[in-house]
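Student: Residue-level listing of the chains:
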Amino acid sequence: MLGSKRRKEIPFVKHRKKFFIISLVMAAVGIALLVTIRLNLGIDFESGSRVEVSGDEPLTAEQVQEDFASIGEGYEPDDITLAGDNGQMAHARFIGALDQGEISEIQTYFIDNYGQEPNISTVSPQVGEELAMNALISVLIAAVGIIIYVTIRFQFLYALAAIVALFHDAFFIIVVFSALQLEVNVPFIAAVLTIVGYSINDTIVTFDRIRENMAKEEVSTFEQLSAVVDKSLNQTLGRSISTVLTVVFAAVSLYVFGGEAIRSFSFALIVGLIAGTYSSLFLAAQLWVSWKWKSIQKQQNKEAQKETEPTI
Amino acid sequence: MIKKSRIVIFFLIVLAIGGLMSQTALNTAKSINLGLDLQGGFEILYEVSNPDGEGEVTEETMQSTVSALDQRVNVLGVSEPNISIEGDNRVRVQLAGIDDQQQARELLATEADLSFRDIDDNVLLSGDDLQESGASVNFDQGNQPVVSVGLRDGDEFGRVTEQVIEEYPPPENLMVIWLDYEEGDSFMEESQKEDPKFLSAPSVNEPLYTDTVQIEGNFELEEAEFLAEILNSGSLPVELEEIYSNAVGASLGEEAMDQTIFAGFIGIGLIFAFMLFYYRFMGVISIISLTSYIYVVLVVFNWMQGVLTLPGLAALVLGVGMAVDANIITYERIKEELREGRSVISAFKLGTSRSFSTIVDANITTIIAAGVLFYYGTSSVQGFAVVLIVSILTSFLTAVLLTRFLLGLWVKSRIFNKKPRVFGIKERDIDARQ
Chain A
1 MLGSKRRKEI PFVKHRKKFF IISLVMAAVG IALLVTIRLN LGIDFESGSR VEVSGDEPLT
61 AEQVQEDFAS IGEGYEPDDI TLAGDNGQMA HARFIGALDQ GEISEIQTYF IDNYGQEPNI
121 STVSPQVGEE LAMNALISVL IAAVGIIIYV TIRFQFLYAL AAIVALFHDA FFIIVVFSAL
181 QLEVNVPFIA AVLTIVGYSI NDTIVTFDRI RENMAKEEVS TFEQLSAVVD KSLNQTLGRS
241 ISTVLTVVFA AVSLYVFGGE AIRSFSFALI VGLIAGTYSS LFLAAQLWVS WKWKSIQKQQ
301 NKEAQKETEP TI
Chain B
1 MIKKSRIVIF FLIVLAIGGL MSQTALNTAK SINLGLDLQG GFEILYEVSN PDGEGEVTEE
61 TMQSTVSALD QRVNVLGVSE PNISIEGDNR VRVQLAGIDD QQQARELLAT EADLSFRDID
121 DNVLLSGDDL QESGASVNFD QGNQPVVSVG LRDGDEFGRV TEQVIEEYPP PENLMVIWLD
181 YEEGDSFMEE SQKEDPKFLS APSVNEPLYT DTVQIEGNFE LEEAEFLAEI LNSGSLPVEL
241 EEIYSNAVGA SLGEEAMDQT IFAGFIGIGL IFAFMLFYYR FMGVISIISL TSYIYVVLVV
301 FNWMQGVLTL PGLAALVLGV GMAVDANIIT YERIKEELRE GRSVISAFKL GTSRSFSTIV
361 DANITTIIAA GVLFYYGTSS VQGFAVVLIV SILTSFLTAV LLTRFLLGLW VKSRIFNKKP
421 RVFGIKERDI DARQ
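Read top to bottom, the protein sequences are chains A and B. Residue numbering for the first sequence follows full-length UniProt numbering, starting at 1 and increasing by one per position. Residue numbering for the second sequence follows full-length UniProt numbering, starting at 1 and increasing by one per position.
One chain only, chain A, in its complex shape:
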């Protein structure tokens, strides 16, 4: 085999059952988390208002609480979180929408006292929910489109495995956000969509090599099949690592230097990129091996039957 002496090949397929178990356990944990502690839905998905105050000096929660109290009665935030590099920013959340008059009062107060206009978002959950539903439905339709294209260019089994990997990656980000109780907002949806795009790209590149190598070789035993897949994965490993590294560079620098507004967004990207690489190597290709082997066996049984039939 080419290059096998020089470069040690990693036997991916041998360990595939372990990967399946890991993925299944993760999925179970994920579902459990989503059912129990659920997602920390941001203002985009929960009816209410959010006031983002920023001052020149670090703020404290008590101080912000007092500020709101001094505006008038009823301005009691349900939650205050500090943000920014030195905590000079504060997010105050109100359940229930503030009306126009209240927003004016808050804006006037903070412009007078902090010299900066606060960000105030008011939302009925309806719009955020619609956006999330819309994104979900669009991804489902896109999945059908991808299945059709990949089935034509490759084979149905490749398509199926690629889609499983795609949903694995999207699901993984959602679970991590649930576990860490990070706020889910509209940029989060954009991050999930980005990962969906990356995941499919990554999986297709890996599959492309498997397809190429499958065409070169006659495969009739499981050992042959797994050898082809291992070879393909090892050949594309350099590319997989290089690509994920470069994109991670971009995502990490957005995370570190990109400021508060896109921090959770870039975190979602980093998580998704890792999940995407994992799923291409350890999930999509391995699922394909298992399914392919079953279909080869079926084929062989049929042929065996055909051969034996006339003699009966």
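Derived by calculation from the structure, the hints in this document are not laboratory data. Built from N, CA and C at the ideal position, the CB exists for glycine as well. You may find that some hints are simply not true.
Said to hold, decoys possible - Partial list, derived from the structure: chain A residues whose beta carbon lies under 7 Å from chain B:
(1) ASN134
(2) ILE146
(3) THR194
(4) ILE200
(5) ASP208
(6) ALA250
(7) GLY259
To be verified - List of simulated lysine-lysine pairs, DSS-like, C-alpha gap at most 27 Å:
(8) A/LYS8 <-> B/LYS419
(9) A/LYS14 <-> A/LYS294
(10) A/LYS8 <-> B/LYS426
We have chain A; now place chain B onto it with these hints.
Tutor: Using the frame of chain A, we list chain B on its own:
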């Protein structure tokens, strides 16, 4: 023999690309329209319903609502307002870079429906009786600003003033002027309040046959100007209910933008460093084609008059990733062929042609996903999809075609023949089969 002409062509092309970019890049980047989340401003999503609350809102009504809102926004002097119809009965108004959010909110939400009523809230005159664009600001004897409105028919005003005098003896002979009277509002109640909802309630002592009426509401000059402008921009044919709003303070938006740009430069710098370190000479080619990629995406996006938002930026990051990926796939393939002992020229030919179908398949699959998101998606999802589609097409042009062409010039010049080190391959790693 080394063909130097190809190398000369390479440098000429690089010079041309560099020259073009250095001349125009800054302007292009500056003229990109930034979304609210990146430059501050605010957006409101309104649900539109007919004033009587009955029946479906027609397409026509939606269009006229948009144009009425557009006129009002002009009053504010916002550059590039974005007012769009969403679904059947929603209008999204996006005002970027606006200073006075409170004023804008009031201006948009009002129906600008002026009415004259008696103290029992019966309509005497409505907005239909006003002259179009007939409102202006004047000053009364005490130099107080007042708003005068023109009426279509002076006789009509005389008739209703007579009616008030006949029906209501002093001190109830008042004519109450309302803006946006709503069912359930009552003069009796409001007049007890410190800050009543109606504009003013002058008493009528004699019939007035005039076609200009002055509204004295103890206005500040600004308030008076504001009222006159709303009245002139016309009333809304519908009721607007705010169902979503999002405000981003300008300074916070700017800060986010500056940081994001800085982070972007660092990220791209890291990618360049990695490519150089790992792919050596091919990394240099990548830097040229990636820089061109970013430039072309910005130019195309500008030309499409797209609005760049945070999700759009996300798609741009994905696009950079895919463009780099296209290079990496090709380079890895070339290295593989070199390791198998092929000559530099044939490794280049095989590597580029074999990686081509991989890249095409990966890109088409992603474009299918982006296309569906664009077609079925709304607002943010759509914005994401647009940038992604532009990015993929551009990355195909630059990362695939430009890279291949530039690298081809060097390879075909034969200067690298028998020098696989230039591509990051050590001689001892090469299979000595051939």
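Student: Give a verdict on every hint.
Tutor: Structure-based check of each hint:
1. ASN134: 5 Å, holds
2. ILE146: Since chain B brings a Cβ to about 6 Å from A/ILE146, closer than 7 Å, the hint holds.
3. THR194: 5 Å, holds
4. ILE200: 5 Å, holds
5. ASP208: 4 Å, holds
6. ALA250: 4 Å, holds
7. GLY259: 3 Å, holds
8. A/LYS8 <-> B/LYS419: OK: A/LYS8 and B/LYS419 at ~25 Å, within 27 Å.
9. A/LYS14 <-> A/LYS294: 16 Å, holds
10. A/LYS8 <-> B/LYS426: 17 Å, holds
The structure meets every hint from the earlier list without exception.
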